[in-house]
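As given, the protein sequences belong to chains A and B, one line each in that order.
For the first sequence, the tail end lands on 112 under the numbering used here, and the numbers increase by one without skipping.
For the second sequence, the tail end lands on 1113 under the numbering used here, and the numbers increase by one without skipping.
None of these hints come from the bench; they were simulated from the model.
Beta carbons are placed, not taken as given, at the ideal position from N, Cα and C, and that holds for glycine.
Be a bit skeptical, because a hint or two may be false.
Sample of chain B residues facing chain A (criterion: CB under 7 Å; computed from the structure) [claimed, not checked]: (1) 1042; (2) 1043; (3) 1103; (4) 1106.
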Amino acid sequence: DTAVSQTPKYLVTQMGNDKSIKCEQNLGHDTMYWYKQDSKKFLKIMFSYNNKELIINETVPNRFSPKSPDKAHLNLHINSLELGDSAVYFCASSQLAGYGYTFGSGTRLTVV
Amino acid sequence: ELKVEQNPLFLSMQEGKNYTIYCNYSTTSDRLYWYRQDPGKSLESLFVLLSNGAVKQEGRLMASLDTKARLSTLHITAAVHDLSATYFCAVDLSSGSARQLTFGSGTQLTVLP
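Chain B with its partners taken away, still in its complex shape (with noise of 0.2 Å):
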């Protein structure tokens, strides 16, 4: 069974400091997606990751993916408060016609002033 280990689970970080998110997953898997979700809102894709090595940037963040290591990592570069948001990895894994999302457990982002 897929194992999907995100840390930390909670993040309190002020403006401007730099920090970064883990996540490791147990089976090998190429796919990888991170998602962003606003209290009460849908999820968000804010990556995804399609082979080792794939490294993704859009603003202050930045995703990567290390397939042999099963590790996906996203930096928070000079966090600013709209950043402030829960923030999922999911490994994505096929079998046939059987395909699914597999959910860490989310890191919740509190930027402070």
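Just chain A, same shape as in the assembly (with noise of 0.2 Å):
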């Protein structure tokens, strides 16, 4: 069973398109994150929810909205994709109050 699942897992689609990639943990974790991860393998935190709420909201274009429905799930949408937007997205969980982090499989995303 997996433990942090995302889907889809490759996604493509052109440029000024919307699309949605939904992320599920079964640990019992309170805090959920978006990762990006750039062509050079560079991994940025995006977001983060605690609870449902948003904690952390780096600096990302306001195209990128996250939804937290409740502490198992957090769906990342995406709206007027750009070429620049091509990544491979990473949702991670944590306990806020204990140490490790476990990551989704990724969702690479393609823009063209």
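Using the hints, put the two standalone chains together into the complex.
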């Protein structure tokens, strides 16, 4: 049973489209994250949610809108996709009072 | 702002040789992680270092943490081809309900026969 699952695994779409990535964790963690890995493999946090509340919102274009319907789910909606949005997006979860992070398998987004 | 510097960025080494990857960070933290990433795959947790002087070993890899020097090392002993991957260090910082990992740039390791 996958601990942090993301869908879809691959996403190829045209510029200007709107797309969503979904993430679910079954670890009972209270905090979830979106990280972006660019073409140079650099990983940077985008957002974090703790118990459905947005906590960290890094400098990300407002075309990116996260939503957490409950503490086990964190989705990422991207409007008006641009070529520069092409990257791998990782969902992760952790327990705020503990240590360790569990990462999903990633979603490779390609904007053409 | 926390900065995490990892070096080298690229490392080619012969099988059987030893080498060390360095991870320096700019803000006090006593939680540091090492991850391995294979091409097209997710991040695999290798080590969790939770205190000054922590040393952990798994197979040919050994990680250490010096919180006073703000330095962690990942030492590779007698490298084998299966260790070829990208290795990341990441510093864990929390403040109230804000907690996040800040990653180094990664070290792409290639072990040559």
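A quick look at each hint next to the structure:
1. Because the closest C-beta pair between residue 1042(B) and chain A is about 5 Å apart, less than 7 Å, the hint holds.
2. Against a cut-off of 7 Å between C-beta atoms, the interface hint on residue 1043(B) holds, since the closest Cβ of chain A lies about 5 Å away.
3. A distance limit of 7 Å between C-beta atoms decides the matter here; for residue 1103(B) the minimum to chain A is near 4 Å, and the interface restraint holds.
4. A hinted interface residue such as residue 1106(B) counts as satisfied when its beta carbon comes closer than 7 Å to some beta carbon of chain A; here the least separation is about 5 Å, so the hint holds.
Violation of the numbered hints given earlier is absent; every hint is satisfied by the structure.
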